[in-house]
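Peer 1: Below are the chains, spelled out letter by letter.
Number of protein chains: 2
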Amino acid sequence: MNSKCEILTLADLCQYLKENDNYLVLTHASPDGDTLGSAYALKYGLKKLGKKVQVICPDEIPHKYDYFIDDSECDFIPETVVAVDVADIKLLGDLWERFVGRIDLNIDHHVSNTHYAKRLYLEENAAATAESVYEILDELGVEFDRKIANALYTGLSTDTGCFKYANVTVRTHEIAAKLHALGIDAADINRIMFDTKSKSRVKMEMMVLNGAEFHFDDRCMMLAVTLDIQKKTGCTKSDMEGVASMSRSVEGVLVGVAIKETEKDVFKISLRTYDPLDASAICKKLGGGGHKAAAGCTVNGTLAQAKAAILSAIKQALEEADAGSSITE
Amino acid sequence: MNSKCEILTLADLCQYLKENDNYLVLTHASPDGDTLGSAYALKYGLKKLGKKVQVICPDEIPHKYDYFIDDSECDFIPETVVAVDVADIKLLGDLWERFVGRIDLNIDHHVSNTHYAKRLYLEENAAATAESVYEILDELGVEFDRKIANALYTGLSTDTGCFKYANVTVRTHEIAAKLHALGIDAADINRIMFDTKSKSRVKMEMMVLNGAEFHFDDRCMMLAVTLDIQKKTGCTKSDMEGVASMSRSVEGVLVGVAIKETEKDVFKISLRTYDPLDASAICKKLGGGGHKAAAGCTVNGTLAQAKAAILSAIKQALEEADAGSSITE
Numbered sequence: 001m002n003s004k005c006e007i008l009t010l011a012d013l014c015q016y017l018k019e020n021d022n023y024l025v026l027t028h029a030s031p032d033g034d035t036l037g038s039a040y041a042l043k044y045g046l047k048k049l050g051k052k053v054q055v056i057c058p059d060e061i062p063h064k065y066d067y068f069i070d071d072s073e074c075d076f077i078p079e080t081v082v083a084v085d086v087a088d089i090k091l092l093g094d095l096w097e098r099f100v101g102r103i104d105l106n107i108d109h110h111v112s113n114t115h116y117a118k119r120l121y122l123e124e125n126a127a128a129t130a131e132s133v134y135e136i137l138d139e140l141g142v143e144f145d146r147k148i149a150n151a152l153y154t155g156l157s158t159d160t161g162c163f164k165y166a167n168v169t170v171r172t173h174e175i176a177a178k179l180h181a182l183g184i185d186a187a188d189i190n191r192i193m194f195d196t197k198s199k200s201r202v203k204m205e206m207m208v209l210n211g212a213e214f215h216f217d218d219r220c221m222m223l224a225v226t227l228d229i230q231k232k233t234g235c236t237k238s239d240m241e242g243v244a245s246m247s248r249s250v251e252g253v254l255v256g257v258a259i260k261e262t263e264k265d266v267f268k269i270s271l272r273t274y275d276p277l278d279a280s281a282i283c284k285k286l287g288g289g290g291h292k293a294a295a296g297c298t299v300n301g302t303l304a305q306a307k308a309a310i311l312s313a314i315k316q317a318l319e320e321a322d323a324g325s326s327i328t329e
Numbered sequence: 001m002n003s004k005c006e007i008l009t010l011a012d013l014c015q016y017l018k019e020n021d022n023y024l025v026l027t028h029a030s031p032d033g034d035t036l037g038s039a040y041a042l043k044y045g046l047k048k049l050g051k052k053v054q055v056i057c058p059d060e061i062p063h064k065y066d067y068f069i070d071d072s073e074c075d076f077i078p079e080t081v082v083a084v085d086v087a088d089i090k091l092l093g094d095l096w097e098r099f100v101g102r103i104d105l106n107i108d109h110h111v112s113n114t115h116y117a118k119r120l121y122l123e124e125n126a127a128a129t130a131e132s133v134y135e136i137l138d139e140l141g142v143e144f145d146r147k148i149a150n151a152l153y154t155g156l157s158t159d160t161g162c163f164k165y166a167n168v169t170v171r172t173h174e175i176a177a178k179l180h181a182l183g184i185d186a187a188d189i190n191r192i193m194f195d196t197k198s199k200s201r202v203k204m205e206m207m208v209l210n211g212a213e214f215h216f217d218d219r220c221m222m223l224a225v226t227l228d229i230q231k232k233t234g235c236t237k238s239d240m241e242g243v244a245s246m247s248r249s250v251e252g253v254l255v256g257v258a259i260k261e262t263e264k265d266v267f268k269i270s271l272r273t274y275d276p277l278d279a280s281a282i283c284k285k286l287g288g289g290g291h292k293a294a295a296g297c298t299v300n301g302t303l304a305q306a307k308a309a310i311l312s313a314i315k316q317a318l319e320e321a322d323a324g325s326s327i328t329e
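Going down the list, the sequences are from chains A and F. Position one of the first sequence corresponds to residue 1 (this note's numbering), numbered consecutively onward. Position one of the second sequence corresponds to residue 1 (this note's numbering), numbered consecutively onward.
This is chain A alone, in the form it adopts within the complex (with noise of 0.2 Å):
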């Protein structure tokens, strides 16, 4: 953690947004609807100021996205730094190298939040950082129109699963509903996002809960994208999207696991858990992190090594719980 990182209120984060310009807003990697519809909302409600904004993704932007997406070519020269949504550096993928140390500003709501930027506005309370792009850009008096709403739309929608979870508010409720009295799309939005399966993606998943595996009394089901289901059934990246929610979805299942194999013996996995456990503390353990409800990391190894390294820390947790369980009895 940096010690030399400022901690910005909303009046000072404002106040550094309208005192500079020039902006390059950084996304991380593997976008998802949040981190890009914070950056794009951003970009153009800061337009709307006068000011001169690109996003720059590290990853390719995948074509769902499309209907909020507009950039032009950088026809200037970048001064100020804003990564959108990016708990860690890390995350950057591969623009890590070129922007390490040179983050001048951090907007996010993760609560593993590295503060490895200069300044950083942190609401951890936030369901998706889109809520607090939305009252940055109502603070510096923005004028919303249709394209900022249905951006800022998009991150509230999926970081909550539209609406779903526990990180859910009065606040993001409320709005939702401002956003709508600007005639967003949140139908279409929804539908892009949420209910478009690809016939790669009904076979992928076929396969996969063919192979499910339960552990622990059925607290826990594991799912497996392995490189070989991905080669069979054709599906993408954006295919495999939201496995992790699928491996949480059955009765009495506590903490779902998927594991991607994003290349050979390299397994990305992705924990769903309820209450009382914590997702983001253990994968910690295996040096990963990410939110209660929902984290991440990434194991080398074998297939087996890989689910016997996650169901270890996973076993540890549970026991943990119920021994705390059993003390308040």
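Hints are computed from structural coordinates only; laboratory data are not their basis. Computed from a prediction, not measured in an experiment: that's the story for all the values here. There may be inaccurate statements among the hints.
You can't tell identical chains apart in this list, so a pair holds if it fits in one copy or across any two.
Said to hold, decoys possible - The calculated EDC-like cross-link candidates involving lysine to aspartate or glutamate, where the alpha carbons are at most 16 Å apart (straight line), are: (1) K203 - E213; (2) K64 - D322; (3) K203 - E251; (4) K4 - E320.
Use these hints to put chain F onto chain A, whose structure you have.
Peer 2: This is chain F only, laid out in the frame that chain A set:
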């Protein structure tokens, strides 16, 4: 349609509810979150005003709704019969004969409402009947408590696919925000309603997806849950909810069809459509009805006959849609 059906305003309705007493509140058969949530919230609200109220559901209430169900023995003679979220008297199932011509008041939001009651409060733009009940109780000055809020939230959330569908409006999110402020158990409720599958359900999904059919250039996906599949997987009636949504989830699909064999040679068909298709209009051709994006009907005969009947109705609708779009091109 009953020309003697009196259409009430919100003020009329509240006046009526204040003036009368000894309420029997009816839900529709095969109860869902909205009919139950609305009926029980109305019950708890009216009781706070000193009224006597009993809820009757034509079918057994699934245990997943236990958290807001609170019934005591009926210690009064019912005088005023209110049907909640019941679009058609036939939807009272086995209670139909007992109550035909005897429904004093109907509170509903279905476009397909048949005006069968003596009085009707119909808000076709409400995403859920629970939205109307929220407004009614608010107008009556009822002090909301957590049980009422949980019941109403259940109606709101289940009838909108957790705020995912096109029926969601600014008001839907505004009410959700107000209910959140009352300390509802939103995440737990959504977990129970949307993210909890039994193992039988998971097995059933796999078998059903294995038999998925695509028609009309993949614009229609058809899933069938036959009695054979139900027997092999041990899935219950409530395990089969939501199969219709699965049928609409594949890329490019405009109409999803879920066919459930309810008894030998009786098929309950659920349709889910996207613009420009109208599920209600398609189902009407086979004697059914519902909403624009979600409707249903029942067909007797063999599975092949049921499939042929609904496919024929869909074919016609697709051809009409194609013709319509070519005119506007």
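Peer 1: With identical chains treated as interchangeable, where does the CA-CA distance between K203 and E213 reach 16 Å or less: within a copy, between copies, both, or neither?
Peer 2: between (18 Å within a copy, 13 Å between copies)
Peer 1: Checking an output row: K203 and E251, CA cutoff 16 Å. Within, between, both or neither?
Peer 2: Between copies, since 13 Å is at most 16 Å while 23 Å is not.
Peer 1: Have a look at K64 and D322 and pick one of within, between, both or neither, based on CA distance no larger than 16 Å.
Peer 2: Classified as neither: same-chain Cα gap 42 Å, cross-chain 25 Å, threshold 16 Å.
Peer 1: If the cutoff is 16 Å on CA atoms, where do K4 and E320 land: within, between, both or neither? Let me know, please.
Peer 2: neither (35 Å within a copy, 66 Å between copies)
In summary, the numbered hints that this structure violates are 2 and 4.
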